[in-house]
Each structure stands twice: as structure tokens, then as C-alpha cells.
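Going by this note's numbering, the first residue of the sequence shown is number 3, and it counts up by one from there.
If you are wondering where the hints come from, they were derived from the structure by calculation, not from laboratory data. Small disclaimer: the values here were computed from a predicted structure and weren't measured. The reader is advised that the hints may include incorrect statements.
As the list claims (entries may be wrong) - Estimated spans, in silico, between C-beta atoms of each pair: (1) ASN7 with ARG57: 13 to 21 Å; (2) GLU69 with GLY42: 20 to 28 Å; (3) ALA37 with LEU58: 16 to 24 Å; (4) VAL6 with ARG66: 32 to 40 Å; (5) LYS68 with GLY40: 27 to 35 Å; (6) MET39 with ALA63: 14 to 22 Å; (7) ALA70 with HIS34: 30 to 38 Å; (8) ALA70 with ILE19: 17 to 25 Å; (9) LEU9 with LEU56: 19 to 27 Å; (10) GLU47 with HIS71: 28 to 36 Å; (11) MET3 with HIS71: 31 to 39 Å.
Note that the Cβ used here is the ideal one computed from N, Cα and C, for glycine as well.
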Amino acid sequence: MDTVNPLPDGSLVHLRIFTETHSFEAPATVVHSQAFMGMGMKFREVQPKFEEVLRLWLPEATERAKEAHG
Numbered sequence: 003m004d005t006v007n008p009l010p011d012g013s014l015v016h017l018r019i020f021t022e023t024h025s026f027e028a029p030a031t032v033v034h035s036q037a038f039m040g041m042g043m044k045f046r047e048v049q050p051k052f053e054e055v056l057r058l059w060l061p062e063a064t065e066r067a068k069e070a071h072g
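Please construct the entire structure, taking both the sequences and the accompanying hints into account.
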């Protein structure tokens, strides 16, 4: 997650992401933190309805990343 002030490694959060058509939420743990850059998080428990949202979003995010880097 891009943020200027990331939380420290090991912090517990409840992540919520919304788009016009879907939402996702899950508890997560900060596993990597770098000031002025952001933080990486690992989902702890993802409900089945939110797993489906991830399955929809991940291919799109992968394609956008490929377009941005190459």
C-alpha cells in the first residue's frame, strides 16, 4: 500500500478497499514497511465472498502492472 507514513512491521489492521462495483475487507498484518514508500500486508483470514472479489481484481491488477513496467 502506497503511503508516506506506513505502520510498523507486525501491526494488525483491518483492510477495506472499495470500487464502484465491489468491496473487499479482511484482517491483515503489516509484513514490510518503508518510510515514504509504503507497506506490504498479508491477509490473515479472507471470507469466501471476498476471495471472489480478489479473483476478479488480481488479473486486472497484473495487467496494469505489466503495462506500467513494460
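### Query
For which of the previously enumerated hints does the structure constitute a violation, in increasing order of number?
1, 3, 4, 5, 7, 11
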